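**Student:** Using the hints provided, position chain B relative to the given structure of chain A.
Protein chains in written order, with this note's numbering: chain A, 784 to 1113; chain B, 22 to 351.
No lab work stands behind these hints: they were computed from the structure.
Just so it is clear, the structure is predicted and the values come from calculations on it, not from any experiment.
Note that CB positions come from ideal geometry on N, CA and C, so glycine has one too.
A few of these clues could be false.
Here are a few chain A residues that face chain B, going by a calculated C-beta distance under 10 Å [unchecked claim]:
{"#": "1", "residue": "LEU915"}
{"#": "2", "residue": "THR918"}
{"#": "3", "residue": "LEU921"}
{"#": "4", "residue": "GLY985"}
{"#": "5", "residue": "ILE986"}
{"#": "6", "residue": "ALA1033"}
{"#": "7", "residue": "SER1036"}
{"#": "8", "residue": "ILE1094"}
{"#": "9", "residue": "GLY1097"}
{"#": "10", "residue": "TRP1108"}
Going by beta-carbon spacing under 7 Å, a handful of chain B positions derived as facing chain A [to be verified]:
{"#": "11", "residue": "LEU64"}
{"#": "12", "residue": "LEU139"}
{"#": "13", "residue": "ILE142"}
{"#": "14", "residue": "LEU148"}
{"#": "15", "residue": "GLY149"}
{"#": "16", "residue": "GLY156"}
{"#": "17", "residue": "GLY192"}
{"#": "18", "residue": "VAL331"}
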Amino acid sequence: MTAIAQRLRRLDTNLLQLALLTLLIFAGMAALNPERFLRPYVFESITFVAPELGLLAIAMMVAMLTGGIDLSVIGIANLSCILAGLFFHAVGAPRGPELANLGWPLVAAGIALALGTGLLAGAVNGLLITRLRVTPILATIGTGQVFTGICLVLTGGPAVVGFPKLWGLIGNGTAFGIAVPLIVFLVVAALVWFMLARTAFGINLALIGTNARAAAFAGLRTGRTVFLSYVLTGGLASIAGILLSGRTNAAKSDYGVSYLLQAVLIAVLAGTNPAGGRASVPGIVLALAALMLLSSGLQIMRFSNFLVDLIWGGFLLLSIALAAWRNRTR
Amino acid sequence: MSGIAQAFRRHPELMVAAVLVVTVVTIGLVNPLFWQPSNLFSLLRASVITGILGLAVLLVMLSGGIDVSFPAFAIAAMYLTVKAMIAWGFDSILPAFAMATGIGLLLGLVNAVFVHYLRMIPLIVTLGTGTAVRGFILGVVGTSQINIDQMPPKLIDFARTQLFSVTQADGSQAGLSAMVLVYAVIALLIHLLLRHTMLGRGIYALGGGEEAARRVGFNIRQTTFLIYGLAGAIAGFAGLLHGAMIWTANPRDMVGLELDVIAAVVLGGASIFGGRGSVIGTILGGLTLVVITNSLIILGIDTTWQRVVVGLIVIAATAATAWRDRKRIA
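Next comes chain A alone, as it looks inside the complex (with noise of 0.2 Å):
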């Protein structure tokens, strides 16, 4: 019993904290609701909805890591994916049965295409942060108005649609019983979770978010590091593109965009300190089910996506509150 309860000790509290909160929500929810609530539907739904939040939550988290913050993240997603979806249009016919079945080269060329968009973009974020010394949040304001800019010259306007199928399935597919989406999301995780935790480069972030100037000066290149976070940043978020496009099987400019306030709740939620230093995998995907369990429990209450912003707001307001709280009892 007390060795469970010194590894329970030594478990982060901030990482017990938002269990519990899941747990609170899981049973408020069920206790309000429990008929409609309790459904594998319900709980499908969500694997099926979160990961791409979950996704561009993990992208938010790394750029806070160092002090930044990505406000582009939206922009790359949906820039990543209506070239993708654009390039699927230019060399199957549209919207015939030719797109649709794009043999697996093509819709492989498509996934590259979308990826090395979200690493070019977060390079060219990277370079303005490292080299031309912008803040992370004017920078990618910029960028991000320029991404989404580029999008609306791209379509005009009107959403990219018909994606083949070999992309549905990235984002509407199941594989083994469980949402394809969601074996993404864990693999990504877990891959971004060994970056930051098991290796020089993710200990070299947290230095940085830490103390800039020390890390400097402990020998760190430090602009070098910033940069690749970002060049990560944009890669994440492209894959969150990807799954995006391929669940609604559709790319336009302005997909997602309360997304952004959400990726920054999660973010923030799961104890990562947006001047930089403190992050966790393991807190974003706490946070992403307590939230995502949160809002279908409001949708099934018939609440309107309006209230739920209200809500989303709050809760950032309340977290914050809670993260002051316990550092000052610390």
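**Tutor:** Structure of chain B alone, referenced to chain A:
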């Protein structure tokens, strides 16, 4: 030559003024219709709301923060005030603007509480309050637009006031909106506050460094509450003015406006690191942004490019500011 460079460095506003002159002359050369009084007057009129909101953002940026909640605050103040005017049947200008300003002030003070007492980064606080307030307005107060037939007539009459009008070459009349004068008065008051009062100097000092400002004897709490309270009050005032100028109160209005306003302020030479920026620079930055975005059609550029242009302006202006400040430090 070095004399000019020195003048630019000593007065960053000259740089913005030069950009504005070059822009105006270029656009005027491409399309002489630009010089029509009606076009010039409408550009001045269009810069009123962006400019007043820019002054609110300037206050926050001078202190080293950033505010993305002001469009939501402006809309909340406008919509609640117009609803109250219709419901309670009062139709006079002064109480209406007092109410809108008061609503903005209260909301701004909420930001101040979170920034000062809970020590959270202003961007994340204002992201939360902005989303929550907009969710409250749309989810609780209402989503329906109040059109010209229901708008309080005195409000519309006030916004229609013209300073003077001239007869154009084709015989039509072009009038300059008196709202430009309202903008000028607010700008003058903020300028006097920033340059000639201890409270205003405290804002610059806080942006220069919180610890230093505290040791010199500035009251940090008072200054923070002044900044966010005043920024909220200005936003509330601008919101009602906006509704009066477009003859409608639309609770979904001003979405994404924060980016244009922030672009205008950074174009005006304000640094997000705080302590640098001026009212004159912000006015010039706002004018330049309005001239560029509103002249795309005259220049024969498709309006889908507008976002790309705004984004590039943000990137260029922040990169230039970062370069300028690095020179200072070196």
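**Student:** Looking back at the hints listed earlier, which ones does the structure fail to meet?
**Tutor:** 4, 5, 6, 11, 17
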